[in-house]
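Protein chains: 6
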Amino acid sequence: MDTGLNRENILIEALPYIKRFHGSTIVIKFGGHIVIDEESIKNIIKDIILLKYVGMKPVIVHGGGPEITRVMNEMGIKPKSVDGLRITDEKTIEIARMVLIGNINTKIVSKIEKEGVKSIGLSGKDGKLFTARKKGKKKVEIEGEEKKIDLGYVGEIENVDPELIEIMTERSYIPVISPIAIGQTGISLNVNADSVAGRLAHELNARKLIMATNVDGVLKDPSDKSTLISELSIKESKSIIRDGTVEGGMIPKVKACINAVNKGVKKAHIINGEKNHSILLEIFTDEGIGTMIKKN
Amino acid sequence: MDTGLNRENILIEALPYIKRFHGSTIVIKFGGHIVIDEESIKNIIKDIILLKYVGMKPVIVHGGGPEITRVMNEMGIKPKSVDGLRITDEKTIEIARMVLIGNINTKIVSKIEKEGVKSIGLSGKDGKLFTARKKGKKKVEIEGEEKKIDLGYVGEIENVDPELIEIMTERSYIPVISPIAIGQTGISLNVNADSVAGRLAHELNARKLIMATNVDGVLKDPSDKSTLISELSIKESKSIIRDGTVEGGMIPKVKACINAVNKGVKKAHIINGEKNHSILLEIFTDEGIGTMIKKN
Amino acid sequence: MDTGLNRENILIEALPYIKRFHGSTIVIKFGGHIVIDEESIKNIIKDIILLKYVGMKPVIVHGGGPEITRVMNEMGIKPKSVDGLRITDEKTIEIARMVLIGNINTKIVSKIEKEGVKSIGLSGKDGKLFTARKKGKKKVEIEGEEKKIDLGYVGEIENVDPELIEIMTERSYIPVISPIAIGQTGISLNVNADSVAGRLAHELNARKLIMATNVDGVLKDPSDKSTLISELSIKESKSIIRDGTVEGGMIPKVKACINAVNKGVKKAHIINGEKNHSILLEIFTDEGIGTMIKKN
Amino acid sequence: MDTGLNRENILIEALPYIKRFHGSTIVIKFGGHIVIDEESIKNIIKDIILLKYVGMKPVIVHGGGPEITRVMNEMGIKPKSVDGLRITDEKTIEIARMVLIGNINTKIVSKIEKEGVKSIGLSGKDGKLFTARKKGKKKVEIEGEEKKIDLGYVGEIENVDPELIEIMTERSYIPVISPIAIGQTGISLNVNADSVAGRLAHELNARKLIMATNVDGVLKDPSDKSTLISELSIKESKSIIRDGTVEGGMIPKVKACINAVNKGVKKAHIINGEKNHSILLEIFTDEGIGTMIKKN
Amino acid sequence: MDTGLNRENILIEALPYIKRFHGSTIVIKFGGHIVIDEESIKNIIKDIILLKYVGMKPVIVHGGGPEITRVMNEMGIKPKSVDGLRITDEKTIEIARMVLIGNINTKIVSKIEKEGVKSIGLSGKDGKLFTARKKGKKKVEIEGEEKKIDLGYVGEIENVDPELIEIMTERSYIPVISPIAIGQTGISLNVNADSVAGRLAHELNARKLIMATNVDGVLKDPSDKSTLISELSIKESKSIIRDGTVEGGMIPKVKACINAVNKGVKKAHIINGEKNHSILLEIFTDEGIGTMIKKN
Amino acid sequence: MDTGLNRENILIEALPYIKRFHGSTIVIKFGGHIVIDEESIKNIIKDIILLKYVGMKPVIVHGGGPEITRVMNEMGIKPKSVDGLRITDEKTIEIARMVLIGNINTKIVSKIEKEGVKSIGLSGKDGKLFTARKKGKKKVEIEGEEKKIDLGYVGEIENVDPELIEIMTERSYIPVISPIAIGQTGISLNVNADSVAGRLAHELNARKLIMATNVDGVLKDPSDKSTLISELSIKESKSIIRDGTVEGGMIPKVKACINAVNKGVKKAHIINGEKNHSILLEIFTDEGIGTMIKKN
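Residue numbers (the numbering used here), protein chains in the order written: chain A, 1 to 296; chain B, 1 to 296; chain C, 1 to 296; chain D, 1 to 296; chain E, 1 to 296; chain F, 1 to 296.
Looking at chain A on its own, in the form it has when it is part of the complex (with noise of 0.2 Å):
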């Protein structure tokens, strides 16, 4: 019966959190990492349902760089490379867009109906939720002469029309959305998924972006776990991409925060999806467990 009382009392204390998000949108992106392991995408899920059942309306956006190779390794089919850049080709795009769409998609949107919520699988193509032009070749300085080199079926996002996730958020879907675009042509590109749940989360005035990766949030020494920095301004967040501290996977992430954050998102977190119901202490306690970018 002991218990029983505290668990009352925990409820009652997040009552003015749940009255502060209430029918807010909160879009949430996942990694890779999280969706291959069992344990972790479960308990994000489960934590995605709750914030749907007391109110808020999240709008999942998933990446999938792992499984991507790992199915192209089992395809025997190597990356390709141009000078150490990574290259998309049309073998490359095709496997994305199956393991993405076909597979990892598919998974997330089947574990959130077998727990009685409503949910869509969602990518770009679809209502044209969000178009993309490929990206311009990219200039590389190889023995002291410079070259041009194309990425392939790599893109970045051009417009957004909303209405799809609307229609289905109204409806009590959960969307799960794929970072594949369509391209003026009908073609598809690959985008970063981390730009995609930041533009969407602007587009959709969402209160909340937040990040679920594989470390803690934005570390001041990234091999130093204790060196967490609990809140950035813009004007931080921007200097530590200069400075370097930021470095590799965690740009995107802290870009897309700015970017969102700019463009009206209240808040964006960056925290570590692994971690048991990280998304619950990052919204449920004024603390936080990651990092939050905010205006100023």
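Source of the hints: derived by calculation from the structure; they are not laboratory data. Hints may contain errors.
As the list claims (entries may be wrong) - Label pairs and their calculated CB-CB ranges: (1) C:His-22 - E:Lys-263: 30 to 36 Å; (2) A:Lys-225 - F:Ile-149: 48 to 54 Å; (3) F:Gly-23 - E:Gly-65: 45 to 51 Å.
Glycine residues also receive a C-beta, built at the ideal position from the N, C-alpha and C atoms.
Based on the hints, put chains B, C, D, E and F in the right spot on chain A.
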């Protein structure tokens, strides 16, 4: 951080209950003892607001005996009675109406509004929410002689038109209802608040009826709290009324529960509203803390 | 048959007025004198129901001074005053609330419902219909010395949210409003019923504001009924307040009319609500029977 | 001022009738005699507009015999007849259509619009409001020999689709309907205006059917106005058709009333439309002024 | 089978045109010559029904000069004229109204309904679709003397309220409109059908205005069909009116086209409505068959 | 110009078919052979878009056998089989899901969007569009011994909830559906695309079910195209399955047609989707080009 993690686990444990009652109407009745205790009323309202935020539609019915008595005393009016039977004369019904609608109801609505949730005070008169007919004269035997005594402005519910409540819950208001009915000729009639709650639970197709009293539930031995009966079927409930286990003010409560459950309300609960968060405990745990009445 | 024919002619003569006010909101305020007179209240309600049936949207605001005094007397409570200024202490506001909301409002709603028209009782607390701030202390000079006196639980309207009234009039209910506002901290504040009526007329874009009093209108010489002023511009209204022609309880009425007309209400009327069908006479004849205040 | 007070009393006396018919559809048919009399048509339209403003939904069906005859005369066309039976040949139906739809209907609609109320002219063709089948040949005996005579473009109502009328009354238009139906092959057929009114009253679930004629109602002795029958049951109505009390143009009127009442219209009335405000008198008084036909 | 395959190819070729005009309002005006020719009217209606079925919203405006003249002749009435100017006296407007609304409009509506499509006949009077003011007197010089001649019941469009057309097209009706307007005092006024079509095209934000006449379009040399002008800018259109290339009945058509295009209608077309399927040809081919007027 | 005139005549000839199917749902299934042939898929999509534009609601179900085989080969995976029965193991269902949902479905949706029409890709998982249960083990006799073989992740449709399709077709999207169902535990199950099409046609109250295959229809002698059967009743269809005329992949197609027609779909068609515009030919001509199955 430790407690934080516990917190999230508890929220997640609440999920199945939240799911189960999502969108359901829950009728909650609390009596005068709770209304006059600042701490109890504050706590019970917090619980009810939480129910609202996690997707239920709470409807409040309140009593007010002690307050009516207090005001009558202040006005120097002595409660009338004939042969031990309390008589509600014109003066008394006027005071009951003033206290219930003008004082108690207003106070509850104000407390809810203060928490940022919309609320509206109603009684039987508004949109003919519920009408009553005057109770017939009561036969009593006095000194071997049978007499009929007119109990005055006391009524039994005749007709219920829940339209107004539905208009308001649809628009996210919490309705607070005083047990004053309108009679055929437009007169006010005092009706038992427990019956009002039971009848409304039935007419609104409520999922649950919760009677928040000042005892822990139905006790086998009223003087011994350890004899709490956790669960009763309708049959058992009727039997313990007949055999006298249930007595006094508990009788109309159990009867209202029986009627509601008979008409389709899934479960009815008699709990101690003075215990902190007893409503949440009853709803969000399997074991509950009071007496639960269900069909079989 | 003869009278019958006359009847039809009169209905036809009413047509232009019916057309003009079709679909318009009409705010009608009547005071405590009318409420306690069975004949007057019955007649005024009949008039208001007629307005509803010919397509207007009547909204009622009521006062209740005499009733409050009566109940206070019955309870043996003497109205407090400091240096002649009436003080609304905690006891007084409680009684005011009980009498206005619990007694008078309920009575009016019941009478309307009895006529087969749907009605609902409201006060400032319901859906935060109107909030008030406590009036500042009043400066008075006593024996050459300046003192500040706290008038107690008396407020001035701060914010009005007419949503609830609009929900109800759209669904053919006649709303009946008590002049009890909700303050910041959830406390009850007594506000002047004339100001409530004036402010609601403005916020509801009412076509007309009708003040049903117990005098014939604004009189040049209050002791001589033959000096009724039929029509006043805003400028004239202000001038007769300044020069003392208008005094006592008539001042807030004229001020409320001025404010409402200034904010877009077409016409405001001060009439004698105790005269039979004075509301209909004022609305359905060009000459009217009281004082009409308009912009120019 | 005196008459003013009377006026208000009369409005109040009209209240119960206004209540009773609020929201009801009232089908009013008037014939050609009224249409060509400027005074009569002006008055009858005023009455109908009043009905609309006090909340009823009037639907007008008109006839036009005298006008058709006038135009035929002007065009030098002699009404055809075979053995005394009038024949509607192609020329005649064309003129009927032009006069009814182009002239009379347009005139009525214009007069209503001039009063500031929206109106629309319709006939059976619009949205297939009502279709008809050509009447079969009529058997007549001439000089001992039986002959079959084709009456030409005359029809009997087959199917009614009231959608168009309902669209318009919902949007506050008064529909004005000419008795020209559309036949299977798209041809125009003249149908009896009384039957159209009766059938529409039934299909629209009208509360009342009013036949405004140029006589006072059903008379026991057509030559003696004092023999007016105030009330008839269906049984009585049928009997006075059989026994010849009702004759000529009154027969289809009474039959249409019988049919409408049989199909659920509460009451049907035959009144003198040339008498000032006879419609209002019939609706707003208990005694009425014409003949009322009801079920029993 | 061979032709069958061709058929499908042609349907597919129509697809871009169907897409382009999907959901667009198309105002089509045809004159009296077409109405009286059974073959032409049947064909033009088939075309219009096809437009409706492939997703456009056709609105028909018709004329009726030849029919009016025919009926006037039959009635032995000679068209009045003063000094060569035609005068529309009361008799004439009555006949115009009867012929246009009662005869021609009804006929068109019946033909559409016969094809299984819902249609409704309207004129300016219905819902005050369009009002007109009487044209001023016309100055003419006769024998060196200036005289002013009153042209009678002829009007110029003043105000258009397209609500009624929009109600009907939304519900899949094809509206058919007669060029009879309502004047201030409720009188009928004859207005030029070309102007009605042009003005409605503008007020309805039509995509196209099609004038179906009995000539092939605008000809450089009216006597030589081979001189058809396929395309005209507004500037060129004005110039060929000024220089006299366009004359007679073609002038109001070109002017209506100019006005409509100036107000936002994309393209206006003058085609030969007597040629089979000329409407479809003009809409479903790039080259068209008549004269097309566009902005530049 | 000549061909132009023909074109219009052909459009007009299509009118009766357009009318007949206006607003109807048409379920079209096409298999893997069509999907991989660029020309065929382009043509079939053009046809379907035309159906949409002339007012039908097309719903696409696709197969994808050849593509799945191709990808399996690329991945060096050999289709498993036990005693000649194909087994869908975990690897195989994963590839099927990726190919069907990620590759083929996406491709079809992209091609439709490219034509300017909104489309959305769905499978059984989305909103639990269709659920399936795993097929029971199959009994086979091997070397005189009876064995039960588990076919793996292959399912039979259990429940269909067409809500999502209806939401989308109402909003003018063309839904494209992959034959992957969701099982009880959230697993993916491969279901026969022909059954999916048949069942959806039934649940959506489709007017037509069109099976676009790579043969001309049902042939009496599969080796002789001239033996095409144009029309079959349900009875005849069942008989030619029993007598072996129909064999192989044609069996589930004919069975799906039988089931759909039995449940209320008017007509089912088996056509050659590789023939140009075969869908249009089947819909817009009376004779059709394939095999049509109807009730009797």
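Outcome of range test on Cβ distance (Lys-225 (chain A), Ile-149 (chain F); 48 to 54 Å)
Since Lys-225 (chain A) and Ile-149 (chain F) have Cβ atoms about 53 Å apart, the given range 48 to 54 Å holds.
Is the gap between the beta carbons of Gly-23 (chain F) and Gly-65 (chain E) within 45 to 51 Å?
violated, 39 Å
Mind checking the hinted window 30 to 36 Å against the Cβ distance between His-22 (chain C) and Lys-263 (chain E)?
holds, 34 Å
Checked against the numbered hints given earlier, this structure breaks only hint 3.
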